[in-house]
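Trainee: Here are the chains, one letter per residue:
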Amino acid sequence: MSILVLAEHDNVALKPATQHTISAGARISEKGGNPEVHVLVVGEDAEVVAQASARVAGVNKVFVADAPHLGAQTAEAVSAQVLQHIQTGDYSHVLAPATTFGKNVLPRIAARLDVQQISGIIDVLTVDTFIRPIYAGNALATVQSATDAIKVLTVLSTGFDAAAVAQGNAPIESVKEIVNDPSGTRLLGRQLSSGEKLELTAARVVVSGGRGLQKAENFKLLEALAAKLNAAVGASRAAVDAGFVPNDYQVGQTGKIVAPDLYIAVGISGAIQHLAGMRDSKVIVAINKDPDAPIFQVADYGLVGDALEILPQLTARL
Amino acid sequence: MKVLISIKRVVDFTVKVRVKSDGSGVDLDNVKMSMNPFDEIAVEEAIRLKERGIVTEIVTVSIGSSACQETLRTAMAMGADRSILVESENDLEPLAVAKALKALVLKENPQLVILGKQAIDDDSNQTGQLLAGLLDWPQGTFASKLELASGKAVVTREIDGGLETLELPLPAVITTDLRLNQPRYTTLPNIMKAKKRPLDIVKVEDLQVDPTPRLTTLKVEAPRPRQAGIRVASVEELVTKLRDEAKVI
Numbered sequence: 403m404s405i406l407v408l409a410e411h412d413n414v415a416l417k418p419a420t421q422h423t424i425s426a427g428a429r430i431s432e433k434g435g436n437p438e439v440h441v442l443v444v445g446e447d448a449e450v451v452a453q454a455s456a457r458v459a460g461v462n463k464v465f466v467a468d469a470p471h472l473g474a475q476t477a478e479a480v481s482a483q484v485l486q487h488i489q490t491g492d493y494s495h496v497l498a499p500a501t502t503f504g505k506n507v508l509p510r511i512a513a514r515l516d517v518q519q520i521s522g523i524i525d526v527l528t529v530d531t532f533i534r535p536i537y538a539g540n541a542l543a544t545v546q547s548a549t550d551a552i553k554v555l556t557v558l559s560t561g562f563d564a565a566a567v568a569q570g571n572a573p574i575e576s577v578k579e580i581v582n583d584p585s586g587t588r589l590l591g592r593q594l595s596s597g598e599k600l601e602l603t604a605a606r607v608v609v610s611g612g613r614g615l616q617k618a619e620n621f622k623l624l625e626a627l628a629a630k631l632n633a634a635v636g637a638s639r640a641a642v643d644a645g646f647v648p649n650d651y652q653v654g655q656t657g658k659i660v661a662p663d664l665y666i667a668v669g670i671s672g673a674i675q676h677l678a679g680m681r682d683s684k685v686i687v688a689i690n691k692d693p694d695a696p697i698f699q700v701a702d703y704g705l706v707g708d709a710l711e712i713l714p715q716l717t718a719r720l
Numbered sequence: 011m012k013v014l015i016s017i018k019r020v021v022d023f024t025v026k027v028r029v030k031s032d033g034s035g036v037d038l039d040n041v042k043m044s045m046n047p048f049d050e051i052a053v054e055e056a057i058r059l060k061e062r063g064i065v066t067e068i069v070t071v072s073i074g075s076s077a078c079q080e081t082l083r084t085a086m087a088m089g090a091d092r093s094i095l096v097e098s099e100n101d102l103e104p105l106a107v108a109k110a111l112k113a114l115v116l117k118e119n120p121q122l123v124i125l126g127k128q129a130i131d132d133d134s135n136q137t138g139q140l141l142a143g144l145l146d147w148p149q150g151t152f153a154s155k156l157e158l159a160s161g162k163a164v165v166t167r168e169i170d171g172g173l174e175t176l177e178l179p180l181p182a183v184i185t186t187d188l189r190l191n192q193p194r195y196t197t198l199p200n201i202m203k204a205k206k207r208p209l210d211i212v213k214v215e216d217l218q219v220d221p222t223p224r225l226t227t228l229k230v231e232a233p234r235p236r237q238a239g240i241r242v243a244s245v246e247e248l249v250t251k252l253r254d255e256a257k258v259i
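Top line first, the protein sequences correspond to chains A and B. Under this note's numbering, the residues of the first sequence are numbered 403 to 720, in order. Under this note's numbering, the residues of the second sequence are numbered 11 to 259, in order.
Since the hints were derived computationally from the structure, they do not count as laboratory data. Every residue gets a Cβ at the ideal spot worked out from N, C-alpha and C, and that includes glycine. A couple of the hints might just be wrong.
[As the list claims (entries may be wrong)] The list that follows gives simulated cross-link-like pairs (lysine-lysine, DSBU-like), each with its CA atoms no further than 30 angstroms apart:
id : chain 1 : residue 1 : chain 2 : residue 2
1  : B       : 155       : A       : 622
2  : A       : 630       : B       : 257
3  : B       : 155       : A       : 617
4  : A       : 599       : B       : 213
5  : A       : 433       : B       : 229
6  : A       : 684       : B       : 257
7  : A       : 684       : B       : 229
8  : B       : 26        : A       : 684
9  : A       : 617       : B       : 229
10 : A       : 622       : B       : 205
11 : B       : 229       : A       : 691
[As the list claims (entries may be wrong)] Computed footprint of chain B on chain A, listed as stretches where at least three residues anywhere in the stretch have a Cβ under 8 angstroms from a Cβ of chain B:
id : region
12 : 435-441
13 : 461-472
Isolated chain A (complex conformation):
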């Protein structure tokens, strides 16, 4: 038996979420008598990604499915390819990061395998028992998958350290067969935030703004602070709804779940759904003019005051 990790990448670089997922795979391997951990890279001209995957600690073998129609990584094409690969091996587990990529693709695979997927695991207890947050992280469920032959899991990066990019030298092989995608789904285009933006789920420091920032322009104050701290910029749902920033800034139950060393919440009241996305951060700082804002209940350091006045002062002092 082996454990399969589906790599997240953009045909150029391996996304850090994959390293966290490999860690989860390695943990399952430890609990299950050390079966091999394989990484599957599905893409176009993604040889560099395969090489990067081969260097990650804990990876025993890398498979590459490389074809023009796989470059866009649509759920239809990727799931067909993963299903084909699963048939060629003896896999007990299939894992992918619980990112928009993994969330999009993996259930489609679970459906075809007739398996009940377990979404967003944060811990591995045994080869078939996992912990996952439910109700916006207000409860943690210990869930066992005893009957399904293959366990299909998405992995929250916050639950597992990133596997090191070591001097690993796992062999790289092509998959046995490339599968066509007859679905007719076509990628028309992507609008991605500028490359300079640090990835929220990978950053050591995150500074997030909420409705208290009042308007989109004021996010510049937050960006100045982020630049000083080498931090990623996030936002509450309220700030996204108000149109201050794009949706991919959103931290929370329905956005991104982060657990940086330092999380600074500025002008964020602390709704349940936001707390779900950041409560596992090591150190939380809250800056809010409302002394009764719920965000202060989870903050290690709270500062009551006007965010627009405090932000430039804080940036200046760092």
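Got chain A sorted already, so can you dock chain B onto it with the hints?
Mentor: Below, chain B without anything else, positioned relative to chain A:
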């Protein structure tokens, strides 16, 4: 064009649930229940497509206890034409829900199924993708914009790092993200009208779906509470604490 919308009755998003002391689950007694917010967005999107003359009939489906009838009435008060309740005494897992929806899709023949991307109770984010997989239909998940023309759907999707636009041939499955629309409020006259709209009830077993769960929840516990922190009086004090005490900058 007919569109099928699946809606789930969940704990209201404003409720902070409490874990039961025996670890068997969360306490849902006397807790306010509502339509899953993402499903509300799905209903709204269908109504807008109908208002634009693209959709002719909106069928809403809910799967669960008889209390879901209330949620279906809300969807019809928003503007759905008729509803189907798939009655099930026990909570169904996403795979069983997707199988029940597949059975209804094969019966109703919609060109489009719209679901919320995620239910805010179990946070699984699976059902739409599972349904698309079971039907072997194209999928457009986490949609922030949807356009339909000449047998195709053009879907703008919220992805990590930005947006992606896909073209899908119909029939297709769409799941909604937050920015797709702002759902309308129901009005009293529409609530009254909705009471007269058809609501059929079928049993989950009648759809040849096995409701037996695949997963066993061994325990549900509250997350470790965070230690209460302190208030600092000034920016200077904050910087000092972060540097010397927390050692994170």
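Trainee: CA of residue 229 (chain B) to CA of residue 691 (chain A), is that 30 angstroms or under?
Mentor: Violated. Residue 229 (chain B) to residue 691 (chain A) sits at ~39 angstroms, over the 30 angstroms cutoff.
Trainee: Hinted pair, alpha-carbon criterion (30 angstroms max): residue 155 (chain B), residue 622 (chain A). Please report holds or violated.
Mentor: Answer holds: residue 155 (chain B) to residue 622 (chain A) is near 27 angstroms, not above 30 angstroms.
Trainee: Is the Cα-Cα distance between residue 684 (chain A) and residue 229 (chain B) 30 angstroms or less?
Mentor: Satisfied, since the Cα-Cα distance of roughly 26 angstroms is no more than 30 angstroms.
Trainee: Can the restraint linking residue 684 (chain A) and residue 257 (chain B) be considered satisfied, given a maximum Cα separation of 30 angstroms?
Mentor: Within the cut-off at roughly 11 angstroms; holds.
Trainee: Within the region 435-441 of chain A, is the number of residues with a Cβ closer than 8 angstroms to a Cβ of chain B three or more?
Mentor: Contact hint for the region 435-441 of chain A vs chain B: violated, 0 residues under 8 angstroms.
Trainee: CA of residue 155 (chain B) to CA of residue 617 (chain A), is that 30 angstroms or under?
Mentor: holds (24 angstroms)
Trainee: Checking one constraint from the list: CA of residue 617 (chain A) to CA of residue 229 (chain B), max 30 angstroms. Satisfied?
Mentor: Between residue 617 (chain A) and residue 229 (chain B) the Cα gap is close to 44 angstroms, so the pair fails against 30 angstroms, i.e. violated.
Trainee: Given the hinted pair residue 433 (chain A) and residue 229 (chain B), is their Cα-Cα distance within 30 angstroms?
Mentor: holds (20 angstroms)
Trainee: Between the alpha carbons of residue 26 (chain B) and residue 684 (chain A), is the straight-line distance 30 angstroms or under?
Mentor: Cα-Cα ~23 angstroms, so holds.
Trainee: Count the residues of the region 461-472 of chain A whose CB lies closer than 8 angstroms to any CB of chain B, then report whether that count reaches three.
Mentor: violated (count 0)
Trainee: Keeping to a limit of 30 angstroms between CA atoms, is the pair of residue 630 (chain A) and residue 257 (chain B) held or broken?
Mentor: With Cα atoms ~16 angstroms apart, residue 630 (chain A) and residue 257 (chain B) stay inside 30 angstroms; holds.
Trainee: If you draw a straight line from the CA of residue 599 (chain A) to the CA of residue 213 (chain B), is it 30 angstroms or shorter?
Mentor: violated (50 angstroms)
Against the hints set out earlier in the document, violations occur for numbers 4, 9, 10, 11, 12, 13.
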